[in-house]
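So that you can map any letter, position 239 of the sequence shown is 238 in numbering that gives the first Met the number 0, and since no number is skipped, the others follow by simple counting.
One should not assume that every hint holds.
[To be verified] Below 27 Å or equal to it, Euclidean Cα-Cα: the simulated DSSO-like pairs (lysine-lysine) are:
id : residue 1 : residue 2
1  : K162      : K93
2  : K162      : K81
3  : K93       : K27
4  : K289      : K259
5  : K117      : K81
[Said to hold, decoys possible] Label-pair distances were calculated between CB atoms; the ranges are:
id : residue 1 : residue 2 : range
6  : T21       : D111      : 27 to 33 Å
7  : R24       : H208      : 31 to 37 Å
8  : K34       : D111      : 48 to 54 Å
9  : E141      : Q291      : 45 to 51 Å
Calculated directly from the structure, the hints in this document are not laboratory data.
We put the beta carbon where it would ideally sit given N, CA and C, even for glycine.
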Amino acid sequence: MKSIKSLILLLLLGTATAFAQTDTRLTKKLNELTKDFHGQVGIYVQNLKTGKTAKLNADTLFPTASMIKVSIMCGLMDKIQKGDLDYHQNLVFKDSLRYDTGDILGSVKDNDTIALSKVAMLMITMSDNTASLWLQKLVTGEYINNWLQQNGFDYMRVNSRVKGREKIRSIYGWGVTTPREMCKLFTMIREGKAVSPAASERMYRNLSHIYWDDNAISQVPPYIQTASKQGFVDASRSETVVVSAPHGDYVFSIITNHQKDTSYKHNNEAFVLIRNVSALLWHYFEPDDKWQQPAGYDKFMNVDSE
């Protein structure tokens, strides 16, 4: 009887802890903001100072699109940490590596050399697909997926060019994840726990120099550091961000799927939602901040490209 009472007490304490960790007010605001979206939405938010979370379909599988490149970077850094690769070694580009989507690296000539560090930078900063596929081939998707599994990721995986994952690739594309696991990966990097403290710092610096800053990042003051990665395909848009806010870091991931609006214009419904969620979070965690985007800023956005 005593053991049963103890078990019940533990269950009650666990439930109370989980409830205490949920920010119900923020969750309500996110539900209100997303209720009319024409498609599926997943969101996970965590205040890294208080531990409180807000979530919506946070453990549902979604396409990563280009956000999978953060996983590729982790696999690359793990190989470098083990001495299998050198961050500053030169790589030789071959025409067979070219992925013709207007990437910077796609304009490199056959047999040209380029430092691995620059290829890694292009993969994250510019989301260069040629750079990303080159590094994935160098590290291998199997190696990246093993690293993810060994580090406690149950769902996040590279699908493209990985034997045995053809079926799930047909559903989710290049990679698959959940909003919660995207935030977990970014938090590991932020806290120096991905590969090693030194590797995490290098990755964090890369993630804090993003060209595609038109949506979530555009709603955070430019003098606040952010680390982020974006993903765009026709029916899915996504962004994961760590914000180093004055009152404490917070991390969030928003991913859409099966959305009706498949355009790439600035007013795409998912882009608007990502901006609105980011703005909501900034003002929620920093309610006294008076920063506003200056008039005419839309003229300098990077989107509106097909």
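For each hint, the structure was consulted:
For the suggested pair K162 and K93, the alpha carbons sit about 23 Å apart, so the restraint of at most 27 Å is met. Restraint check for K162 and K81: the C-alpha separation of about 25 Å stays at or below 27 Å, so the hint holds. For the proposed pair K93 and K27, the alpha carbon gap of about 51 Å is over 27 Å, so the pair is violated. Distance restraint check for K289 and K259: the Cα-Cα separation of roughly 35 Å exceeds the 27 Å cut-off, and the hinted pair is therefore not satisfied.
For the proposed pair K117 and K81, the alpha carbon gap of about 20 Å is at most 27 Å, so the pair holds. For T21 and D111, the hinted distance range of 27 to 33 Å is not satisfied, since their beta carbons lie about 52 Å from each other. Evaluation of the 31 to 37 Å hint for R24 and H208 yields a pass: the beta carbon distance comes to about 34 Å. In this structure, K34 and D111 meet the distance hint of 48 to 54 Å, their C-beta atoms being roughly 51 Å apart.
Between E141 and Q291 the Cβ separation comes to about 48 Å, which falls inside the hinted range of 45 to 51 Å.
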